[in-house]
Amino acid sequence: MASEFIAGFRLSEIPGVPEALELAISEAKASLEAYGAVLKSWDYDDAQRLLLVHIRAEASLLERATKDIVAALSRVAGVDAKAEKLSQEGFARARTVVPSPPVMGFLLRLARSSLEGFPLSREELLALLLLYFSGGDKERALLTAPFLGISAEATSSAFEKLSSGKYIDPDTHTLLKPAERLLDAVIPVLRARSSMARESIKVLDEEGNVETFSVEKLAASLYGSGIPHSLIPTVLSGVRDALQGKSAVSKRNLVAIVSSLLEDLEPAASAAAKFTGYVYALDKAFVSVDGSLKKLKWGFLRELSFKVLSERGLIPPHRLVELHADFVADEVRGIVSSAPWKFEGYVFELEELERIARHAAPKVSATWLELCSLDAGLLASEYMSRGLGYAKAAMESIDCAERKELAVRGAFLFSSALLISMKVLPSNYVGVNVGALRGKLETLPQNIKSDVARFCSLTTSIARSPTIATPREDRKLLGMLKELDELMDRLKLEHAI
Amino acid sequence: MSVPLGPQLFELELTVEKVDELLPHEEVIPEHLERLKAAFTVSLYQRNPVIVDFRSGCVLDGTHRWAAMRALGFKWIAVCRVDYFNPLVELDSWARVYRVGGPLNIEEFLSDVELEHIDLEEGSERDLLVVSQETYRVPYRSVWEAYTKLKVVDERFSNQLQVKPLYVARSSVGKVSVHEVAVLPPRLRKDEVVELSKKRLLLPPKSTRHVVPARPMGVNVPLKLLSSEKGGADLVEEFLRQKRPLLVKPPIFLDREYKEAILYFM
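Chains Y and D supply the protein sequences, listed in that same order. In terms of the working numbering, the first sequence opens at residue 1 and continues consecutively. In terms of the working numbering, the second sequence opens at residue 1 and continues consecutively.
Check the hints yourself; a few may be wrong.
Distance condition first, Cα-Cα at most 20 Å in a straight line; then the derived DMTMM-like pairs of lysine to aspartate or glutamate [what the hints assert, rightly or not]:
#1 D:K259 / D:E27
#2 Y:K392 / Y:E483
#3 D:K249 / Y:E351
#4 D:K243 / Y:D43
#5 D:K249 / Y:E4
#6 D:K37 / Y:D399
#7 D:K206 / D:E11
#8 D:K249 / Y:E344
#9 D:K249 / Y:E139
#10 D:K224 / Y:D43
#11 Y:K82 / D:D83
#12 D:K249 / Y:E263
#13 D:K243 / Y:E402
#14 D:K243 / Y:E139
#15 D:K259 / Y:E89
#16 D:K224 / Y:E211
#17 D:K151 / D:E257
#18 D:K259 / Y:E349
#19 Y:K85 / D:E257
#20 Y:K82 / D:E27
#21 D:K243 / Y:D399
#22 Y:K307 / Y:E351
Computed footprint of chain Y on chain D; a stretch qualifies when at least three of its residues, placed anywhere within it, have a C-beta under 8 Å from a C-beta of chain Y [unchecked claim]:
#23 2-10
#24 34-40
#25 112-121
If you're looking for bench data, these hints aren't it; they were derived computationally from the structure. C-beta: ideal position from N, C-alpha, C; glycine also.
When you get a sec, could you build the whole thing from the sequences and use the hints?
Written out as structure tokens, the structure reads:
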């Protein structure tokens, strides 16, 4: 079972370049990840020349991890390091006290709200949530309390009240049934209260394509067009107001609404013209191919994306090509809209567009970049080991948000490995990878097909599961994780055969 | 912050204090101070906070760090404030064990120091004792006088025999071999330590041995935040608030053995 440890290393000398230590640790981190050990943080005392490293791993892997860290320090930082015995066992056992950032953020928001209308008092409810998210560990909960601005004494006395109210076991502090039932009901309410309502307005462009309105995408366009950042929140809230109650809007009207807001806010800065120029920049872009000019259209960009992404010998899935084309289009828009406005057309050489496309490729597929220097088979087996390591670490994590994050990371790496073995280029997104795997199901041998289909379905369910889980949701997630882990082990064997 | 220690909570506060407002209670070892000053000159951080009594500002642990930072002109220092009079904070003294190479006539060696020959069992923890094959009590009227006499005894061993002492907790000193002489300073009370520090009367280095049951380490406060006269404190406190500790149960061997729980802010 993975636990937290601190390993100590005495360095022979202080590294000449301070960054060398950072680089060495970063390399060691990657080596450790390959077998499921996680290097979480480190600290260096130059007076003692003592490097302390926080590792999460199974105890049996610590010796190997130590050797890898020593090797990375020697290779990258050029210093000899000797492992120090920090406790009788060699490695000091440690415990992460404060929950992961998503859980901590959730608790911080609650600690600042009044929490009225619940069957428990504010202090008792906070203490119960704190205990639940600390994995039922009273010590951890009490140490976390001050980081939320709650006194540990108040939390401690709330625990006593929760014990006498039969919500928690007085000795073990495990949650009893009434507490679980309460949390199952309360957490979704608190989650819903803190999440923003999502708009589902359709945007219709000039060619009849329909997409869902996204504030993030609009913000990205405003940012890309060079609008002062201070104006963006005001514009977004103005657009929200203008679209209130609508179910659809045309792209041209949406651009008009934004332009008018920008004219009101910044009449002297030509902000509206900049934005319009940016959104319609592709209309002004041309490409020179074999001496003739072609208007730059989406079809051309997708062909270009497909060509560049295929350069490593793996076929990019359709969705990956679309995403990549979006990145290339953004780059093209940036270039065209920053050119003087009087130009009616901007001509790109094909080589320039290819350069832009290659530059954008790692943004959608890190594998594309890694394949420059690594063999696809080796990369697939490394992804597979790392994916399995993350899945196992996820099952052993006591923090629900960390558990989900590790599981999704594991499933992502594993899906990447499976795609490479099918000669398909993996993306940087787990959803795209799962979509690509589903598209390949029919081509798979019967014995693997059902396992891959189940892997896709489990990965999607885990990725969509709430990060701040109720006890019931958490049990369900753990069940899915267990199944995912078994599936991955089986698929690894089938892959090896 | 409250650190749960079994059924009890131990209160500590990670914050900053003005360097000039803290009160040391021990002298520093010059070589150790110079080493630390050199380390602070090249370092970007104050790694570990000094432990201070929240009522009096008396520095309980980290006198050398405090002295080095004061000498280098820092205005602020990261501290861990504790309630010194909490029984969980233990106070012991450091006994000195000198390897003298063979039997030594203590009465001759310390001829100018008043000595009373006693049986070892007669000595109490409030006595200043010199223990070889025989046991001697050094009489004193005040603890300040006792520690002044301790300094004389220490200097005699260091200068005449050219030996450096081995420091061990007074409570852990057992039998002394024929090659050794142990000097056992009187065990101080906490109120005496605070009183002496308030009067600016410094005890010799390595007089007190404080054991706090939980100790924050690795806070790495940027030194640039500790050098500015104004605004530094607010920034440091905000900086400290975002730190997340890792709990390490004792014992852990770092620069020495720590028998207390460590909150490592990595």
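Check each numbered hint from earlier against the structure, then list the numbers of those it violates in ascending order.
1, 3, 6, 7, 8, 11, 12, 16, 17, 18, 20 and 25
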